[in-house]
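For reference, the chains in residue letters:
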Amino acid sequence: MESMPNIESKTKTAPKQKGSKDLPLPKEKLLQIHNLMVKARSLEERLIKIYKAGDAFFWIGGPGEEAFGVTLGMLADKGKGHDHDWMHLHYRCTPTLIAMGMPMGDSIRLIMNKATDVSTGGRNFANHYSYPEWNVAPVTSPIEVQYSTAIGTAWAQRRAGGKGISVVTGGDAGTAEGDFASCLIWASRPGNELPLLITVQNNKWGISTNYDSQHGEKHTSDRGKAFNIRTEVINGNDPIESYLKLKEVMEYIRQEKKPVVLEAQLSRLYGHSSADGANRRDEPCCIELFEKRLIEWGLITRKECDDIKKAYDAEARAEMEAARNEPDPEADSIWDNVYVDNENGDWRKF
Amino acid sequence: MANMAQAIRMALHFAEENLELKDVFGEDVGAPLGGVFTATQGIKSAWNTPLDERGIIGCAMGVAMAGDRCVAEIQFADYIFNTIDLLKMAGNTLWATNGKQELPMVVMTPNGAGIRGSLYHSHSFDAHASRMPGWKIVVPSTPLDAYGLMLSAIEDPNPVMYLNPKALMRVRGEELIPGEPADEKELKSMIDAPIGDRSKWKPKWPKLEDYRVPIGKGKVTREGTRATMVSYGRTLIVCNQVADKLKAEGIDVEVIDLRSVYPYDWQLIKSSIRKTGRVMFVNEDTEVTNFAEHLAYRTTQELFYELMARPRVVAAKNVPGIGLHPNLEDNTVPQPPRVEAELRELLAETP
Ligand SMILES: Cc1ncc(C[n+]2csc(CCOP(=O)(O)OP(=O)(O)O)c2C)c(N)n1
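Protein chains in written order, with my numbering: chain A, 1 to 350; chain B, 1001 to 1351.
Bear in mind the hints are in silico, worked out from the structure with no lab data behind them. Backbone N, C-alpha and C fix where the C-beta goes; we use that ideal spot for every residue, glycine too. There may be inaccurate statements among the hints.
A few chain A residues facing chain B, derived, Cβ under 8 Å [what the hints assert, rightly or not]:
no.: 1; residue: G152
no.: 2; residue: A156
no.: 3; residue: C285
Based on the sequences and whatever the hints tell you, model everything.
The following block contains the structure:
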């Protein structure tokens, strides 16, 4: 299938005995990754149901990106200030935020545009998160702009000289925007290289335009080579490969204070967004593939997997039910936060 | 007296020392040039960026997100247009996050015509800027205001667009900046980089003092009773000249330097119009969907029955560019004769 990321999993040949020291990662880590992936999936599926039930105007999100997204979130140094990592995410990053500890309810209140939505107060679309308290930059709709703003946090971190790095995510089609080129150029200024992990989640699609019809470069990450930036291409459907490679490059960036461009090839499981139906597509599912291996290695049983899923499905449903009864934003609140400290922004009152 | 370029420089230096200004960046703003108008000469934290306006605005937004203060320069306002969605985003970030993510950043860009800059060194950006809610927009017309507005802009927790009029960058002020030496030659020897090799040059800064022009506060530059002229930036100087000319004929016209386009000092405008009953709004951006039209609209809404004449908007003609030949530029952006003619017509109108 044209859209199917088709690179071989480099980590599929782990030994089959339970608890083996030859496992690619400790058992607890593997199970934690799995658990968070399932949690993120349950949440996304609930968001789609909320949309389909008419309780949301729009859905866009990241089912299919859990292997990459969750491991990225687990590896991020979460916190506020230059010494922690800055995350410039896009609208498919629910798995990353789940791994960073975002409660499911936050995401549900966001898609239902409740006053209790902590990211935007009912102002913005699903998955447009904002957690300045964790250095998570506001997710915004214009494609690729986060590749320009990431320059600034990475620069501030470089200037401060601490251990924080900046991370930016986005899709493959968006790399055609100038901001992607800006990011490569600013990250690689000789003597002023930035501690910046530039990632591209290549699902081979824009909305309906496929990668191969628009991109002469083999990998989006190849463009980093012209700037002497270290580049990587990984199977983003493989959480083990994602975890190991992300860990390696994040350590490299922290130590060397230099950028990396990393392309993760992965699936888009429910199409682009609710605009094209949000129905399940026939692409490889990172959770199914991972569970197969975990079961094969004797680390978990089918039933345990199913129980985890059921528990998260129930949690997501309960959060939705709680959110339903919560207040909507007040019409007059449009004037809130035009300026800091609610300084008046309404010219009628000047 | 300092010129506006020197005033901005002194403000940036003061802010580096006292307001935790961490970065001043843009195309050619660092050594050796210190900016095409020399407004960043000698500034410790000034550095040269790639020739990439989107990168400059994105970088400023990121620095601000991280909580550091910066001033980013777009070399000419003419080249800010390809960043407009980033600017829009900077303006909506606080609102979109319902108050969570502040962006305390200053974008400074030389604005407007008057330097024989033809199509791409004569643009104005104030009308576009006024259509980006969430931003504050300031336009100084004197070096002292340039100093005071820059310090206010740097300390403001919101994004501030600082539109310094290109044509006024070399104009000297009539008021001393607090701490500025009275002798302008002395100032020049202290803070202007020498021609030629600058590799060893360092500025000797005067002992500058804090001075603020609050954002949102205008100033009456000429008192009068017969009519009100409201302007900012380069055309404010034109309004002053015209007012002075009429004053010599015994006609006193009030001139208001708005200094801030948004938020703007409506109370000052309103009280003046109440006194004079006649008003003219003057700026050099193109006339269709010009910011002055908003002010004229508001005037008709709130002061209609107190007006003695139709409010006027005097702005640049709505043509695609500003032509190089003086005949073309002068027929496009408001010049003293046109402002004077419009003013005389305004004064002569009877209800
Ligand atoms: C600047 C801009 N242009 C167009 C759009 C509409 N749009 C939203 S998502 C999208 C496709 C993005 O594709 P890609 O970058 O590959 O990311 P993906 O959605 O596949 O993860 C488009 C065209 C937009 N949001 N922003």
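Going through the hints against the structure:
For the restraint placing G152 of chain A at the interface with chain B, the shortest Cβ-Cβ distance is roughly 2 Å, inside the 8 Å limit, so the hint holds. Annotation: interface hint on A156 of chain A holds; nearest CB of chain B at approximately 4 Å, less than 8 Å. The interface hint given for C285 of chain A is broken, as the beta carbon of that residue sits about 33 Å from the closest beta carbon of chain B, more than 8 Å.
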